[in-house]
Amino acid sequence: MKLVSFLRFRSMQTNMVLAFVLLILMTIVIMSVVSYFLSKDAVQSNAKTYTTELVKQVNNNIRSYVNGMMYISDLVDGNPYVQQYMARHEDGDPAKERALKQAVADFLESMAVSRADISSVSLFGYSGEFVSGNKELALNPFIDIPSLDWYRVAREAGGEYVISPSHVQPVFKNRYPWVVSLSMELTSRESGTKFGIFLIDLNFSVMNDMLQDIRLGQRGYLFIVDSEGRIVYHPQQQLIYSKLKTENIDEVLRIKNGTFMGDDDGNRRMYTVQESEFGWKIVGVSYVSELVGNQNEMRLSIIVLGLVCIVIAIVISLFVSQRVSQPIKQLQGYMKEVEKGNFDIQVPVPTTIEIGRLARAFNMMVGRIKELMSQVVRDQELKRRSEINALQAQINPHFLYNTLDSIIWMAESKKSQEVVLMTSALAKLFRASISKGEELVTIETELEHITNYLKIQKMRYKNKLDYRIETSDTVGRYKTIKLILQPIVENAIYHGIKMKRGPGLITISSEETAADVLLIVEDNGNGMDEEKLSKLLSQQYEGEAGKGVGVGNVHGRLKLYFGPQYGLEYKSKPGEGTTVTIRLPKHPPVIGGGIR
Amino acid sequence: MIWKYRRTLAIVLLLLIAAASVAYWGNGLTQRDPVDITVIIKSTDASVEFWEVLMDGVQEAAQEFEANVRVTGSRTETDVDEQIALVEQAIQEKPDAIVLAANDYDRLVPIAEKVRNSGIKLIIVDSGINSDAAHSSVATDNVNAGMKAGEVLQSHVEGPAKVAIISYVKNAASQIDREKGARSILDGIPNIDLLDTYYVEGSERNAYLMAKKILRTQQDVVGIIGLNEPTTVGAGRAIQELGLKDKVTLIGFDSSVNEIMLLDEGVMKATVIQRPFQMGYLSIKTAIDAVKRNTVPRTIDTGSLVITKQNMYEEENQKLLFPFVTN
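Protein sequence lines, in the order shown, are assigned to chains A and B. Counting the first sequence from 1 gives a position; the working numbering is that position plus 52. Counting the second sequence from 1 gives a position; the working numbering is that position plus 6.
In short, the hints are calculated from the structure, not lab data. Do not take every clue at face value.
List of simulated lysine to any residue pairs, SDA-like, C-alpha gap at most 20 Å [to be verified]:
hint, chain 1, residue 1, chain 2, residue 2
1, A, K92, A, R271
2, A, K295, B, N323
3, B, K315, A, K297
4, A, K225, A, L189
5, B, K315, A, P229
6, B, K253, A, F194
7, A, K297, B, F71
8, B, K315, A, R204
9, B, K315, A, K246
10, B, K251, A, K297
11, A, K295, B, M267
12, A, K295, B, K253
13, A, K225, B, E271
14, A, K295, B, G309
15, A, K225, B, L311
16, B, K251, A, F194
17, A, K225, B, F71
18, B, K315, A, Y228
19, A, K297, B, N264
20, B, K315, A, D196
21, A, K295, B, Q69
22, A, K295, B, Q324
23, A, K225, B, N264
24, B, K251, A, P193
25, A, K225, B, K253
26, A, K297, B, K253
27, A, K295, B, L311
28, A, K246, A, K295
Model the full structure from these sequences, guided by the hints.
So this is what it looks like as C-alpha cells:
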C-alpha cells in the first residue's frame with residue numbers, strides 16, 4: 053500500500069512521462085525477447101542444416117578413403133600370388149618361395165604406390181611370414197605383433213574387415229606413424245584354412261589435415277568416434293584424456309543420426325551425429341552462443357533504438373503534458389483571481405477541445421456568479437428600501453393626523469374614557485412596531501399590533517367598521533416580518549369598507565399546513581375588479597396619493613425574505629368583498645438574517 | 007515538499023535501473039573484446055617437441071576463448087638475457103597478460119616484478135621463478151614427478167644397489183624439484199645407495215659420456231635417473247652401447263622418438279611425462295580468467311604420468327607420447 057501511494061505521483065506531467073517511458077520499455081523488452089528467440093530458432097535450424105550437410109560431406113570423404121582400402125584388401129585377398137604364397141608348404145622349394153614372395157611384394161608395392169595416403173601395405177602370415185609393399189620397412193623387433201589390436205581383432209573377426217581407430221603403428225622399426233588401419237584375416241581359397249593377416253595403414257595425417265581445417269563457426273569443430281566410443285579424431289583429444297573437457301560420447305553412441313543439445317561449462321553445444329557404414333560416428337559440434345552470433349549486434353541495436361525511443365518518448369510526453377497542463381495551470385491562476393473576488397476576467401479559450409470547453413464553462417460560471425452577485429446587491433438594496441418604506445408607513449402622517457384629530461374631537465366632546473382608550477392603543481401600536489429593530493417578529497406581536505390599529509380605526513369609524521380576530525393560539529409563536537397586516541387591513545378599510553354602504557366587517561383568521569402558516573384577512577367591502585386586482589401586487593402600485601405603503605410592498609418583502617412561493621394572494625369580486633391570504637413559512641430560512 | 011522529493015527520487019531510481027540494465031547488457035559486448043596475451047617460451051626452436059605441443063595447447067585455448075595470442079621466445083633455452091629483453095619488450099606493448107616460461111629461476115625475478123607492477127597479469131608456465139610476482143603458475147608438480155620416477159626405479163631395483171641421478175643444468179627449477187622428489191623416495195630405502203647428482207651442463211653428449219663413465223667405473227650402479235629428455239637419451243645410448251640394458255634400470259623424463267625407441271627396446275624402463283598441451287591450454291585459460299578478474303589458483307598442477315613399455319600404446323598415452331600426426 054505504501055508503495056502504491058508512493059508511486060501515485062500528483063503531477064500529471066510526471067505521470068505522463070513515466071507512463072510513456074514504461075510503455076516504451078515494455079514494448080522494447082517484449083519485442084527484443086520475441087525477436088531474439090525467433091531469430092535464435094531460425095539461426096539454429098539453419099546451423100543444423102548446414103552442420104548436417106558438412107558432416108555428411110566429411111562422411112563421404114572418409115568413406116572414399118576407407119572404401120579405397122577395402123578395395124585394395126579385396127584385390128589382395130583374391131590375388132593368386134598371395135594365395136599361393138600363403139598356402140605354400142613348409143617343404144617347398146626355397147627358390148620358388150623367394151620368387152613367390154618377390155611377386156607378392158611387387159604386387160603389394162603396386163597397391164601401396166597407387167595411393168599417396170597409404171602408409172603401408174603388409175601381410176603377416178600365421179607361420180611368421182612378413183611381406184610388405186614398402187620394401188624399406190623392417191619389423192620392429194621389440195614389438196609383439198599378435199598383441200596389437202589390429203591383429204588380434206582381425207583374427208577374431210574371421211575374414212571381416214576391421215577398421216581401427218586412429219593409432220600409432222609401432223610395428224615397423226624406427227617408425228611411429230599415426231594411421232588408421234584396415235586389417236583382415238586371409239583365408240585360402242582352396243583349403244579354406246586361415247593363413248594370416250593383411251594390414252593396410254592409411255596415413256592419419258590425410259584425415260587429420262582434412263578435419264583440422266573444418267571449423268563450425270568460430271569455435272565449433274568436428275570429431276569422430278568409433279563404434280566403441282574410442283576417439284578416432286578430436287581436435288582437443290588431449291583435453292579429453294585429461295578430463296579438462298568432456299564430450300557426451302554416450303549420447304553420441306546412443307543416437308544413430310541426428311542432433312542433440314549438450315552442455316559444458318555453461319556452454320550450450322549442438323551435436324550433429326552421422327553414422328558411417330563402418331561404424332564410425334562423425335560428430336559436428338557447434339556452439340549455440342556462436343550460432344546466435346549476431347545477438348550482440350541485435351542487442352546493441354535494440355538498446356540504441358530503445359534509448360532513442362525513450363528520449364523521444366520523454367520529449368513528446370513533456371511536450372504533450374505541457375500542452376495539457378499549461379492551460380490548466382493558467383485556468384488555475386484565473387481561479388485564484390476569482391477566489392480573491394475579481395470577477396471581471398475572461399479566460400482566453402485554448403484550442404484544445406477539452407480544455408477549451410473547460411475554459412468556456414469557467415467563463416460562463418464566472419459570468420453567472422457575477423450576475424448573481426449583482427442580483428444579491430440589488431435585492432439587498434430593494435429590501436432596505438421597502439423596509440424604510442414600511443417604517444415610513446408606521447409613522448404615516450395621515451393616519452397620525454386622523455387619529456390625533458379623532459382624539460382631539462373626542463376630548464372636546466369630553467369623552468375622556470375613549471380618549472384614554474385611543475391614546476393607549478396608539479401608544480401600543482407604536483411600541484409594537486418599534487420591536488427593538490429586529491427584522492422578524494412573532495405572529496403574536498404582529499396580531500397585537502394589528503389589534504391596536506383596528507381598535508383605533510374602530511373608534512374612528514364607530515359602527516361603520518367591525519372586526520374579528522379569529523386566529524388560533526398555535527400560530528402565535530411563528531415568525532413573520534413585521535408590518536405585513538397593517539397595509540392589508542388599511543387597504544381593506546380605505547378601499548373596501550369605506551366605499552361601502554352600511555357597516556363592514558374585517559375578519560383575521562389563520563390556517564396551518566405542514567410547512568406553512570396562512571393568515572387570512574377577509575372583508576365584506578366593495579371588492580375589486582380584475583384590472584385593479586392585477587395592479588395591486590406590483591411594487592409600483594403605491595396606493596393613492598401616498599397614502600400608506602401598498603400591499604405590493606408587503607408582497608415583495610415576503611418574497612424577498614421567504615422565497616418566491618410565499619407572499620400574498622388576493623381573491624375579490626366587486627361588491628362582495630376581498631379575501632387576502634398571507635402565506636408564511638413555519639421555519640423561515642436563516643438567509644433572511646444573512647443578507648443584511 | 008516530501009512528495010516532490012520522493013517523486014524525483016523515484017524517477018531517478020527508475021532511470022538508474024534502466025541505466026543499470028543497459029550497462030549489464032552492454033557488458034556482454036565489452037566482454038567480447040578479445041584478451042591480448044603475449045606468450046614467452048623458452049625456445050622457439052621448432053625441433054623441441056615439448057614447446058611445439060605446448061604451443062598447440064596455447065593455440066587451442068586461444069581459439070576457444072577468443073584471445074589474441076602472440077608468441078615469442080629466445081632461440082635457445084639458455085639465453086636468459088634475450089628472454090629478459092623479450093619480456094621488457096612485451097611490457098612496452100601492454101598486453102592484458104604475459105605467459106612466461108622462465109629460462110632462469112633467479113634472473114627473471116626483477117623483470118617479472120616489473121610486469122606485475124605495470125598492471126599486466128603474469129602467468130608462469132612450466133618453469134617458475136624465485137618470486138611471488140606471478141598471479142598463477144601452471145606447471146607440472148616436478149617434485150611429485152620426481153617422486154614417481156623414484157618409485158618406479160625402486161620397483162625395478164633390488165638392493166644392494168647404487169643409483170645415479172643425471173641432471174641437465176644446475177640452476178633450473180624443474181631439475182632441482184625432480185631431483186628433490188626422486189631423492190625423497192630413494193633416500194629412505196636401506197639397500198639403495200644414492201650417488202651425488204651428476205650435472206651435464208645442458209648437453210646430451212655430455213650426458214652420454216657421463217653415463218658411460220659412471221657405468222664403466224662403478225660396476226655396481228644399477229639404476230640411473232635422467233632428469234630430462236637429453237640426459238635420458240644420453241644415458242640410454244651409453245647403456246645400449248655397453249649392452250647393459252638387462253642390468254641397468256633407466257628411468258627418464260619427458261618423451262621423444264629416441265626415448266620411445268629406448269622404451270620399445272627395453273633400455274629405458276619408464277619415463278615420466280608431463281602434459282605440455284594442458285600446460286599451454288591452461289596457461290591461456292588462467293590468463294584470461296585473471297584478466298577478467300576472476301580469482302585464479304596460485305598454482306595449477308598439470309600432472310605427470312609414468313609411461314612404461316606396457317602402457318605406451320594405450321589409447322590415452324599415444325597422444326601424449328606421439329603428439330603429432332605426421333607421415
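Hint check results:
no.: 1; hint: A:K92 / A:R271; in the structure: holds, 18 Å
no.: 2; hint: A:K295 / B:N323; in the structure: holds, 14 Å
no.: 3; hint: B:K315 / A:K297; in the structure: violated, 27 Å
no.: 4; hint: A:K225 / A:L189; in the structure: holds, 7 Å
no.: 5; hint: B:K315 / A:P229; in the structure: holds, 17 Å
no.: 6; hint: B:K253 / A:F194; in the structure: holds, 18 Å
no.: 7; hint: A:K297 / B:F71; in the structure: holds, 14 Å
no.: 8; hint: B:K315 / A:R204; in the structure: holds, 19 Å
no.: 9; hint: B:K315 / A:K246; in the structure: violated, 31 Å
no.: 10; hint: B:K251 / A:K297; in the structure: violated, 40 Å
no.: 11; hint: A:K295 / B:M267; in the structure: violated, 28 Å
no.: 12; hint: A:K295 / B:K253; in the structure: violated, 38 Å
no.: 13; hint: A:K225 / B:E271; in the structure: holds, 11 Å
no.: 14; hint: A:K295 / B:G309; in the structure: holds, 12 Å
no.: 15; hint: A:K225 / B:L311; in the structure: violated, 25 Å
no.: 16; hint: B:K251 / A:F194; in the structure: holds, 13 Å
no.: 17; hint: A:K225 / B:F71; in the structure: violated, 41 Å
no.: 18; hint: B:K315 / A:Y228; in the structure: holds, 14 Å
no.: 19; hint: A:K297 / B:N264; in the structure: violated, 30 Å
no.: 20; hint: B:K315 / A:D196; in the structure: holds, 11 Å
no.: 21; hint: A:K295 / B:Q69; in the structure: holds, 19 Å
no.: 22; hint: A:K295 / B:Q324; in the structure: holds, 16 Å
no.: 23; hint: A:K225 / B:N264; in the structure: holds, 12 Å
no.: 24; hint: B:K251 / A:P193; in the structure: holds, 15 Å
no.: 25; hint: A:K225 / B:K253; in the structure: violated, 24 Å
no.: 26; hint: A:K297 / B:K253; in the structure: violated, 42 Å
no.: 27; hint: A:K295 / B:L311; in the structure: holds, 14 Å
no.: 28; hint: A:K246 / A:K295; in the structure: violated, 42 Å
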